[in-house]
Structures are given as structure tokens and as C-alpha cells.
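Undergrad: Sequence:
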Amino acid sequence: MIAGLPLAFAQPLVLLGLLALPVLWWLLRLVPPRPRQITFPPTRLLFEITPKEETPARTPWWLTLLRLTLATLVILAAAGPMWNPPVAATNRAAPLLVLLDDGWAAAASWDARLRTADELLGRAEADNRGVAVLPLSETSRDISLQPAAAARVQVKQLKPKPHSVERSEALPVLTRFLGAAQDIEAVWLSDGVDLGNAGAFVQALGRMLGTRPLTIVEGGVNPALALAAADNAAGALTVKVLRAETGGIPGGTVQALDLKGLPLGEAPFRFTGNEREAEAAIDLPVEIRNDVARLEIAGERSAGAVQLLDKRWRRRTIGVVSGSAADRSQPLIGASYYLQRALNPFADVRLAEGAAPAEAVGRFLDQRLPMLILSDVGNVSGEPRERLNRWIDAGGVLVRFAGPHLAGGDDDLVPVKLRRGGRILGGSLSWDKPQQLSAFARESPFATMPVPTDVTVTRQVLAEPDSELTQRTWATLGDGTPLVTAQRRGKGLLVLFHVTADTRWSDLPLSGAFVDMLKRLVAMSGSATTDTAATAQTGVRDVPVVPATRVLDGFGAFQAPSAAARPVPAGFSARATADHPPGFYGPPEGLVAVNTLAPADRPTAIDFSPLNARRDVFRHGEPLDLRGPLFLGALGLLAIDALVVFWLSGGIASLVRRRRPAAAVLAIGLLLAALAAPSPLRAQAADDFAMKSTLQTRLAYVVTGNSETDSLSQAGLQGLTLFLAQRTALEAGDPVGIDPARDELAFFPIIYWPVLPDAGKPSQQALERIGAYMKQGGTILFDTRDAVSATPGAEGSSAGMVALRAILSSLDIPELEPIPHDHVLTKTFFLLQEFPGRFTGGQLWVEALPAEQEEELVNRPARAGDGVSSIIITSNDFAGAWAMRPDGQPMLPMAPGEPRQRELAFRAGVNIVMYALTGNYKADQVHIPALLERLGQ
Numbered sequence: 002m003i004a005g006l007p008l009a010f011a012q013p014l015v016l017l018g019l020l021a022l023p024v025l026w027w028l029l030r031l032v033p034p035r036p037r038q039i040t041f042p043p044t045r046l047l048f049e050i051t052p053k054e055e056t057p058a059r060t061p062w063w064l065t066l067l068r069l070t071l072a073t074l075v076i077l078a079a080a081g082p083m084w085n086p087p088v089a090a091t092n093r094a095a096p097l098l099v100l101l102d103d104g105w106a107a108a109a110s111w112d113a114r115l116r117t118a119d120e121l122l123g124r125a126e127a128d129n130r131g132v133a134v135l136p137l138s139e140t141s142r143d144i145s146l147q148p149a150a151a152a153r154v155q156v157k158q159l160k161p162k163p164h165s166v167e168r169s170e171a172l173p174v175l176t177r178f179l180g181a182a183q184d185i186e187a188v189w190l191s192d193g194v195d196l197g198n199a200g201a202f203v204q205a206l207g208r209m210l211g212t213r214p215l216t217i218v219e220g221g222v223n224p225a226l227a228l229a230a231a232d233n234a235a236g237a238l239t240v241k242v243l244r245a246e247t248g249g250i251p252g253g254t255v256q257a258l259d260l261k262g263l264p265l266g267e268a269p270f271r272f273t274g275n276e277r278e279a280e281a282a283i284d285l286p287v288e289i290r291n292d293v294a295r296l297e298i299a300g301e302r303s304a305g306a307v308q309l310l311d312k313r314w315r316r317r318t319i320g321v322v323s324g325s326a327a328d329r330s331q332p333l334i335g336a337s338y339y340l341q342r343a344l345n346p347f348a349d350v351r352l353a354e355g356a357a358p359a360e361a362v363g364r365f366l367d368q369r370l371p372m373l374i375l376s377d378v379g380n381v382s383g384e385p386r387e388r389l390n391r392w393i394d395a396g397g398v399l400v401r402f403a404g405p406h407l408a409g410g411d412d413d414l415v416p417v418k419l420r421r422g423g424r425i426l427g428g429s430l431s432w433d434k435p436q437q438l439s440a441f442a443r444e445s446p447f448a449t450m451p452v453p454t455d456v457t458v459t460r461q462v463l464a465e466p467d468s469e470l471t472q473r474t475w476a477t478l479g480d481g482t483p484l485v486t487a488q489r490r491g492k493g494l495l496v497l498f499h500v501t502a503d504t505r506w507s508d509l510p511l512s513g514a515f516v517d518m519l520k521r522l523v524a525m526s527g528s529a530t531t532d533t534a535a536t537a538q539t540g541v542r543d544v545p546v547v548p549a550t551r552v553l554d555g556f557g558a559f560q561a562p563s564a565a566a567r568p569v570p571a572g573f574s575a576r577a578t579a580d581h582p583p584g585f586y587g588p589p590e591g592l593v594a595v596n597t598l599a600p601a602d603r604p605t606a607i608d609f610s611p612l613n614a615r616r617d618v619f620r621h622g623e624p625l626d627l628r629g630p631l632f633l634g635a636l637g638l639l640a641i642d643a644l645v646v647f648w649l650s651g652g653i654a655s656l657v658r659r660r661r662p663a664a665a666v667l668a669i670g671l672l673l674a675a676l677a678a679p680s681p682l683r684a685q686a687a688d689d690f691a692m693k694s695t696l697q698t699r700l701a702y703v704v705t706g707n708s709e710t711d712s713l714s715q716a717g718l719q720g721l722t723l724f725l726a727q728r729t730a731l732e733a734g735d736p737v738g739i740d741p742a743r744d745e746l747a748f749f750p751i752i753y754w755p756v757l758p759d760a761g762k763p764s765q766q767a768l769e770r771i772g773a774y775m776k777q778g779g780t781i782l783f784d785t786r787d788a789v790s791a792t793p794g795a796e797g798s799s800a801g802m803v804a805l806r807a808i809l810s811s812l813d814i815p816e817l818e819p820i821p822h823d824h825v826l827t828k829t830f831f832l833l834q835e836f837p838g839r840f841t842g843g844q845l846w847v848e849a850l851p852a853e854q855e856e857e858l859v860n861r862p863a864r865a866g867d868g869v870s871s872i873i874i875t876s877n878d879f880a881g882a883w884a885m886r887p888d889g890q891p892m893l894p895m896a897p898g899e900p901r902q903r904e905l906a907f908r909a910g911v912n913i914v915m916y917a918l919t920g921n922y923k924a925d926q927v928h929i930p931a932l933l934e935r936l937g938q
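Residue numbers (this note's numbering): 2 to 938.
Hints are all accurate, no fakes.
Quick list of in silico lysine to aspartate or glutamate cross-link-like pairs, DMTMM-like style, CA-CA up to 20 Å:
1) 520 to 232
2) 157 to 120
3) 261 to 904
4) 157 to 119
5) 241 to 284
6) 776 to 818
7) 157 to 112
8) 261 to 292
9) 312 to 349
10) 312 to 259
11) 261 to 590
12) 776 to 745
13) 261 to 311
14) 434 to 508
15) 492 to 413
16) 160 to 580
17) 434 to 455
18) 157 to 139
19) 434 to 480
20) 762 to 740
21) 828 to 818
22) 160 to 219
23) 520 to 508
24) 776 to 744
25) 418 to 480
26) 776 to 848
27) 261 to 787
28) 492 to 394
29) 312 to 292
30) 312 to 284
31) 776 to 813
32) 418 to 469
33) 828 to 904
34) 241 to 602
35) 762 to 813
36) 157 to 888
Think of the hints as simulated: they come from the structure by calculation, not from any bench.
Whenever a hint applies, use it, and build me the whole structure from the sequences.
TA: This is the structure in C-alpha cells:
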């Protein structure tokens, strides 16, 4: 690389010739231009008899510059310049070892990495070198040298993994290989991302390689972006956007989608200066935010750029009821104030607002809140008590705080039996000094919290000792008495803090541990049947596990889990691994999200300084030899120089004087001929288009002028063409983009028309061509791509349907109907009952069929009209489902992303194409019983 550009020279010593340019400049200035020839004027000499000082003529500066430029181009071309040069080998005789980072961080630039690896292996094949390839995520088998051709096939089959690469696990494999292969050249295609273990791998790799040559290929592409630490805060849903190193794109957009893949909102993010962390805040109503199941960085195709959310990220609404008079007389030091301040960062709090406790409990139960907090509320009796019990059994979480009312009452709506009166510092059941927290039970949700040393308790309500007290205790004081107890009831949970929620009995509300404890309880609300709730009842930690249902591939798209995916414990929050790939686990009503990065992960750049290695970068395109363009440019400058010299010497003026009449006549004749003659280029282009379209069946799409939509249409039809070749006898050519106002439509059996919401009405000429095409037997597939099921002619439809109505308003469109279950389209090739695309919510509309007769209903399992439907309308985004990248990966995710949805979308496309090509022959199944009977004989 030169000055950061992907430019190299095959013969760099030739560039020393540039040092001769000053000498060449001096010689060009010294040699005068060629003398001009003019007609001898004898009388003119009399005016110049008086002698005068003259300056010798020199070559004009601009001509000198032109010649110096010509010489520079020749020298640069002779040096063999190469744009995007391949990675150079240091020892072309030694075997080659290629180490490949194939984790999520490599996915966004996977094409560039495969291209670099293929170039390395291609040159190794030309040099007849042995090759070993080690993807650093595949450490379960040893590697050995193999022919380069076999290694190229292996590399092309590799796919990025959706999790981080544990490079240290590859060290035993490398140790065994390098021990057997002493003379080796190593190339490490690195993603440059360190999540904490790369330093040890770099050190070990340096020791193992020793003096063997090593080339590290890293950079040259945008740094990988990732999402982590999503937080459904009070004001917005926020998520951290991370990168390991600076550079690349300065910002972007984070999109929020629901479980079906439909967009709910988006927010921008921007990196400031050299920061490696940015934040995106999606401002939506809390009800909509709770429906978000997937956050992703727009345009970043990797599993790390996706953050999946489950119920743990939902912002829950908590009801708080206080029985203390201090909440009304002194609201800034009351229990409700402390609870509200502690809960606000992660939950919405609703207060009783002066209502009696029984009335407030009933009101909150009517609102179906997942969690209630009762602070110093005495006996709850009557109907509110019965409703509370039913609510807890159904999965509610009730948290109670002690106080004078609870200590003096006789309430059994608590997890353990209580003594009346409690214990107070200086009382009959007193301590000599305030007690501190001792420990959190191993089975409690507080088990991983550090025990705070700054919390003291001066008063508490005591529990009556019994056989279940130890099992139901989550936190204890220094003397072994319980501070927090809990009991599972039905599907719900009952929790008791044996102190008040304000500072009268302890300073726990002033501690950060108070906020953390409430946060963990809120996370359990709505899912109280987790392992922690179960252990509150039994005391035995039997952690339930849930299997994978949908996982992410390395590019961030959903796919069915493989057999290697192992179940995860409920509440799993660690980083994804090879055993636990990122995705959704468990049943639909209790999904557990596993993400590529843990909330605390912060990727950094790998420090390669301990390695004695040559550095290189990935290339964005194929290598380009620049010698041809430079020599061509030098030849053009040489021609210009010759013309200039001819002009300065008076040759052009002399030629014009001698041939002026003939030249004028010739110029006028050429101009008139050019204006009168038809354009052969345009006619030739039309002929080429017709020949290309008739020699081979091709699918066509309407060019909308939107580059993103047009490229997606082209990729979608290309993917469908490939699927047709794999599953049917049709081998169609490449898709063709057409303009209805200019191109001939009759060559194509079916035309795909993506309808943009802001699309204008086609010209009258285009409408006439479209109408003629449909009347002559052609079929147009209109796709609004917005997943709506409204009638194309109905009012109040989506923006896409409104644009479609504007297009169809000037055409003679027959009556339409949703595709019947017995339409021939459902049986043209595959047996289908629905026609999904990237979405599944839209309806497929076709020409209405004539009313079926009762006799035909028996004999014809499939119906069709007299001809093929000239119009098909969908909103399921077929092209988005069919579109595939060159590496075989889908370009867009499916919504909702069922495992067979893309396969069904391809099958729907096959049926539509076959229907347009073969007509309704499949409808004639009258003779099927006779044929089956004959086959049976």
C-alpha cells in the first residue's frame, strides 16, 4: 500500500527514473521550437532596420509540462503498477498455512476475506505449494497439507459463525501441525476484534512460529459494528453500538422489529471522534417498545449487529401501595418515594394516589399489572385478598415490605409465619448494635450480587422458626435471622422484606443493593416460573433448560437450529458460543434470547505488536493492472504533442490556406450526413435487446428508477431463475430490467413490477404498451411489498396500494378476487395453499374465475378460466424473499422468519412462472381416475 491506497508496483526500482525528470525539463527548455515558415515580405524589412534586443525563443511552458507528464506516465507504466494488488508471498517454495477468523466480526466483509483467501490459494496452486487451511472456530480436528485446488474448494464452502471465535482453542491444533511442518509460511486473515482472549493467542502464536514468516491481513474494510447492552429505559429503548477500532462509517441507523420482522421504529447513531462506542435511543410508546424483539444495524450483515430481546427487556408497570401515613404527610421521605426512585430506571411505577390499600389493590388488579408492592400494609381481607391469591397463582409477583402495620397484624399473606411485634434495637429481642447483611442464598436471584457492607438494620419483623424457613430465606443478617424470604405459589411468587421500604428500620433503601434487588425481582415478574422461583419453594436448584427454536447464522438471518445447538438455562444472559448459538430458545410464550455479545462485552482492537509479521489489508475488488491505461495515456499525449508541434510550426495554417474550399465542402457534407442518417447505435441496441430476449426465456422486471429497489428486483429474479433451474426443466437466462415506455414487452411471459409508494403514474405511451401486453396473453405480477391484505380497489389501503390504484386506473383491468383454494396456480408445479414472500400477511389476487358448476366441482379438482390471469397482485415482497447474494446467502431476513418460509416463497414463484408459461393445462384433470386405473393394471 502507498499512502493508504491499494496500489503496488511490480518493479519499484524503475520509479528511480522519476529523478531524471528535472534533467528532462532543463533539456526541453533549452531546445527551441521548430522555426515557422512564412511568405517572404520584402517591404516589411524596411520597418525593422533599427536594431533591437531580442530574446531567443523557448518551448512554451505548457508544452514542456505535457512532455514531462508523458515521460512520467511511461516510467510509472514500466514499474508495473497494480491496483488492489494481491497479498504478496515471502517464500513461494514453502508450504502455506492460512489462519482464518470466521466469527461474527468477519461476516460483514466476508466476500473480501474469501476473495483474499482464494487469491492466496490460487497463487499457491500455480507455484505447486502444499496448503493447510484452519478456520479458527473449527478446532475439533487436526489439519494437514493438501493440494491448493482442494483447499480452494474448502474455503468457498466456509460460512461465518454467529458467535465469537475462541482463538486459544486452536493452539493445540497449531502446535501439532507446526511440529510436523517445520518450513512453513503463515498468513492470518484476521478480523482484528479482541474480546479479551486475543492477547494470549498472539503471544502463543509468536512463540510457535519463531522465525517462520507471518503475514497478517487486517483492515482495508470498515470495522465490524455490534450491538450490546440494550436497555428499555424510562424515556426510550437504548442500545450500545460498538466497534473495535476507529475509522469506517461515522454513523448509521438502528432498526427495531417485532417477532414477525415488521419494523416498529428506528434511531440514528453517530461516533464522535475516535470513540468506539455510540448509543441509539428509539423513542416509542412503552406499549410498542415492549413488542420489540429484534434490534439491528441497517446495512450491517452480521450476527453481532443484531440484538434479540425477550420478556426480560420489557418495561413492566409496577403498582405500589403504601399503608404508612408518612407517604401523605412527608412524601419525600416516605416509602413510596424510595420505591419510585429505585424502580424508575427500569419500570413504570403507578402509585395508589391517596386511595385506601384495599381499593388500590383492586384497581391495580383490574389493570392486570405483573407485579405489586405492598409497603407496610396490614391485613388484606375480603374480596381483595381472594383476588390477590388468584392473581399470584396465575403468575403475579407480590412483594411486601414490613412496617408497624404488618408487625402488629396477623396476616398470612406472607411467605413465612411472623412473630407479632418484631425486634428493635434496644428492645427485649434486641441486638447490642445494628446488624449488617451476612449473605445471599445460593438459590436466590440475589446470589450473584456482592454483599453490601454499608447496610445496617435496626429493626425487623422476625419469622417463626420452622422446617421450611431456611429453604424460603433469600437474604440473612449477621445473626442468621432472615432479611428477605420468598415462597412460590402456583405460577407466581410472594416475597417479603422484613424491614420497611423507607429508612425508619434500616438504611437499605439508601444503598445501591436496594435498586439491584428490586431490578431482579422486576425481571421475574411475568415469568415467575423460572428456576429461581422454583427454588424458593423447594430449596433445590433444578434449573430448567429450553431448546433452541430459531437461531441466527453468521450474517444475522434466522435459520433452523442445527443438531449441535444445546439447550440453555432459563434466564441465560451470557455471550453466545458454538454450543449455544445466538437466537431464540424455548416456547413462544416463554422465549429466551441469546445474543452474540453479553451486555458487558466491549470489543477492542487486537495488539499485533508482539508478532514479527508483515502487515497487509483486504482489498475491495479484483486486482487491476494499470500498465495498459498508463501506456494508452502516454500514447495519447504523444499524439497531442505531435499535433501541437505541427501547429506551432505553421503546418496547419498552411494546409488550411491550400485546401480551404475543399475542407469547407467536406465539413458541411459530413455534418449534413450525420444529421440525416438514422442512429445505427440505437437500432443496433434495439436489435441486440430483441435477439437477447428471444433466444432464451427470461424473466423481466420493471425498472423503477430507485437503485435499491431495482437491484433487489434483479437479485430476486436471479435467485428465482437459479431455483427454477435446480427444481424444474426450465433453464432461463439472466433477468432483464425493462422500461414499459421504451422496450418491447412481448418477449417476456411474465413481468415483475415492484410498486413504490411514491411512484408516479406511467406515461400514456407506457400504459398503452402495458394494456396491449396484458391483452395479448402476458402476465404482470404487481408487488406493493407492504404486507397488507386489503382489496386493491379498496379505500384506506396502504401507500403502496394507493400507488397501484393510480397505475391500474387507466388500464382495462378485469374483476379480481383472492386466489381460490382450487385455483390452478395452487397446483401448477408444487401443491400450495398459500403464497408467502418475505412477508406472510398479504393476500394474492388474481382474475376472478367464472362460477363453477356443480358437475365440474366433482370432476375438476383445479379450476382456471379460459386463459392465464393477465394480472397478479401481492404485497408479500416476493423479490425480497428470492434475492440471494453471490455467496448464496439471502439478502434480506424473512418476517416472521419461519424455517420453511423462504422455501415456500420460492415454490410460489415457481408456480407463478410455470402458470405464465404453460397456462391452465393442470386444470384438466378429468381423466386422472382412468389413468390411475390403467397404471394399476
